[in-house]
Every structure is written in structure tokens, then in C-alpha cells.
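Engineer: Single-letter residue listing:
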Amino acid sequence: MKGIGFLEDLPTIVPIVLALIIFFGGLSWGLNRVNQVDSQVDMALKLLDIVDTFAQQGVLTKETFKNSCDTAKNLIAGYGFTAYIETIDAKNELSCTGEYCCMKGSVPTGKRTILVRAFPITVQDTSSSIPTNRLKKLVVVIWKEG
Amino acid sequence: MERGVASLADTIFLILIATLAAGMILQSGLHYGETANEYLTQLMLDYYAKQTLRVISSVSIQRECGVDDYLLAYLKERAEKDPKNILDLTARGKLKETINNALEPLGDAYDYVFILDFGERYEKAFVVGRRHIIENGTVYEEDISCVYKDQDKSTIYSTLEKLSNPYASSTVFFFRMKNNNTYEYVPVEAGFVLWPAGDPQAKEICK
Numbered sequence: 029m030k031g032i033g034f035l036e037d038l039p040t041i042v043p044i045v046l047a048l049i050i051f052f053g054g055l056s057w058g059l060n061r062v063n064q065v066d067s068q069v070d071m072a073l074k075l076l077d078i079v080d081t082f083a084q085q086g087v088l089t090k091e092t093f094k095n096s097c098d099t100a101k102n103l104i105a106g107y108g109f110t111a112y113i114e115t116i117d118a119k120n121e122l123s124c125t126g127e128y129c130c131m132k133g134s135v136p137t138g139k140r141t142i143l144v145r146a147f148p149i150t151v152q153d154t155s156s157s158i159p160t161n162r163l164k165k166l167v168v169v170i171w172k173e174g
Numbered sequence: 176m177e178r179g180v181a182s183l184a185d186t187i188f189l190i191l192i193a194t195l196a197a198g199m200i201l202q203s204g205l206h207y208g209e210t211a212n213e214y215l216t217q218l219m220l221d222y223y224a225k226q227t228l229r230v231i232s233s234v235s236i237q238r239e240c241g242v243d244d245y246l247l248a249y250l251k252e253r254a255e256k257d258p259k260n261i262l263d264l265t266a267r268g269k270l271k272e273t274i275n276n277a278l279e280p281l282g283d284a285y286d287y288v289f290i291l292d293f294g295e296r297y298e299k300a301f302v303v304g305r306r307h308i309i310e311n312g313t314v315y316e317e318d319i320s321c322v323y324k325d326q327d328k329s330t331i332y333s334t335l336e337k338l339s340n341p342y343a344s345s346t347v348f349f350f351r352m353k354n355n356n357t358y359e360y361v362p363v364e365a366g367f368v369l370w371p372a373g374d375p376q377a378k379e380i381c382k
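Listed in order, the protein sequences are those of chains A and B.
Note that the first sequence ends on residue 174 in the working numbering; no numbers are left out.
Note that the second sequence ends on residue 382 in the working numbering; no numbers are left out.
For reference, chain A alone in the conformation it holds in the complex (with noise of 0.2 Å):
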């Protein structure tokens, strides 16, 4: 009879299916982590862009600075960052106001993965009569938009 035999067959299928969720699923992690690490180094590769952005006016002035923040902002497409200046000791900030403040869209809220970055620059200070270059530190914060 036809039903017997396959019945017979029956739980020998089931070390096969085994093997192929135990595979498959090796798989499917190995590509997650795969995007996920390409993610990664994606955000930390277009923070280094904006860095650069800022970085290489070597001394920044106001005008430079709201220059490099347009530059910056037609630049990275698929982010949203705040970049800003800061006093070398001042605790990293995700959000900033003021004159020396660049940002791209809102700071997201709830579980996302966002990237910090400070640097070392020097700002121009025109408070007194000579103007002078200060040590302060350009904060830039990245996250994936959407």
C-alpha cells in the first residue's frame, strides 16, 4: 500500500529539515551581521565626511562655519547630524543651540543606534580686540534617518 511507505519515509525528513534550519539559520545571521557591521562603518565613514567638512577650513570663523554646515548638509544624504562647537571639556550634547550649531533633521528618540564623535579645532575669537584662535572641540552626532 502507497500511504505505508510514505508514512515509513516520514522521520527520516525530520534530521533533513533540522539540518536546513540549523544551515539556513547560520546564514541569515551571518548576513544580518554582515549589513549591520556595513552600517556601521557606512554612519562612521559619512561622520568622518562631515568632520572633514568643518576640519579643513583649519580656523573657524562664524561664516565658515555656516558655510561648512550648508557643504555638510547637501553632502550626506540618508543621515540626520548635529555638528557643533564646544568647550574642550564640556560633556558631548546629542541636540545644540547657538551660533556654532549645524543640524539635519531631529535628534531621534527610542532605540536607534546613534554615533558621537568630538575633535579637536580651533575657533577664531573676536571678542577682544586682536582676534585669537581657541582650542575648543567640534561634537558631530549621526544617526541613520527613517
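The set of hints was computed from the structure by calculation and includes no laboratory data.
Predicted model only: the values in this text are computed from it and were never measured.
Cβ atoms here follow ideal geometry from the backbone N, Cα and C, with glycine treated the same way.
Don't take every hint at face value.
Stated by the list, open to error - Derived pair list, reagent style DSSO-like, types lysine-lysine, alpha-carbon separation capped at 27 Å:
#1 B:K269 to A:K119
#2 B:K256 to A:K94
#3 B:K324 to B:K256
Said to hold, decoys possible - Far from chain B by the CB rule (all over 12 Å, computed), these chain A residues:
#4 L35
#5 F51
#6 L73
#7 L76
#8 G86
#9 G106
#10 K132
#11 G133
#12 R140
#13 R145
#14 F147
#15 G174
Position chain B against the provided structure of chain A, taking the given hints into account.
Structural biologist: Positioned in the frame of chain A, the structure of chain B alone reads:
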């Protein structure tokens, strides 16, 4: 019976092969993440070193008379007036203060050296920096400061190459130096090297 044993063996082999393949993919995935992190750290810290050099070349300091001046201009003036003692106590103090402030975002996690190499003509390389020494479970912070003469200059570079994870950048400044009775502009290589604090190899610098 024999058919059942053969079937069982086949099953075990299949599961073993699938597990092995999944394990290899797992290991590759983990390693991919480690390699990517190392690459990113290298990029970030090399850029940090480059940015610190930019800061040194453009930042203002306050001179002894209370007037603001550029740090680099101050060093160039010292080189012109006293080429054998460019980085005296005061100059070293101002350099270290600037660099330590520039490294504030990194905290004490990294040690550094700043090198001014005057090339073959003036036979000297001036080195200042900071390192952390770990002895008997205690961590000490130590200043680095010395002058390498021409015959010993390769020592500093070979020592830096032996550091476990150095991050570096270099640039060229032009210093006005006296040569007999004339002055000339000398290209001086300025290098900045960062490494994770506590590297035992760093003890060899300025030994």
C-alpha cells in the same frame, strides 16, 4: 536493521555538515565585525592625530608678557634665536598644555609624542610627550622630553614602529634658521603619534 543504521549515519553526517557550515559562517561573521571595528578605530584616531597637528599649527597661546600669539610662531621664534634649545621648559610647557587639552575628549586612554625633526642639516629631533607606566599594579603618568641627535634619530622611529597600535600623522612646517651668517627656511617634519596608554614599548622612548 542495516538499512536503519545506514540511515541514522547519513542523518548524523547531514546534521554535522550543516552545523559545521553554520559554524564557519558564524565565525566569519564575528571576525568581519572585529576587522571592521579595527579599521574604524584606525581611521578615527589617525584623523584625530591629523587634527591635533592642525590645532598645534593654528592655536593661540599667551606669552610670558601676557600677549596672545600663535604657538607655532612662538616655536619658530625660539628656533631662530636658540636652535639648540628650541623646546626649553617654557616651550615644552606650552606645547604639552595645548596637546593635553586637545586630547581631553580621549581622556587618559591614549599616550602620545610630538616630534619636530630638523632633518640632516640640523641633526636634531625634539620629542615631547606623555606616557603611562604600569608597575606593580600602579599606573604612573610620566612626561617624555628629549632631543635625538642625528646618529640616534632612527631610534625614535624604530621604537614608535614597535608600539602595538600607533595612530599617526605628520606635516611639514618651515622654520627660519641661521646658517653661518645667513638665514634659510628649513623644512621641519612635525609628527604626532598616539597609542593606547600603558604600552610597555613606550618606555624605550627618550630612554
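Engineer: Tell me, which hint numbers fail for this structure?
Structural biologist: 2, 5, 6, 7, 8, 13, 14
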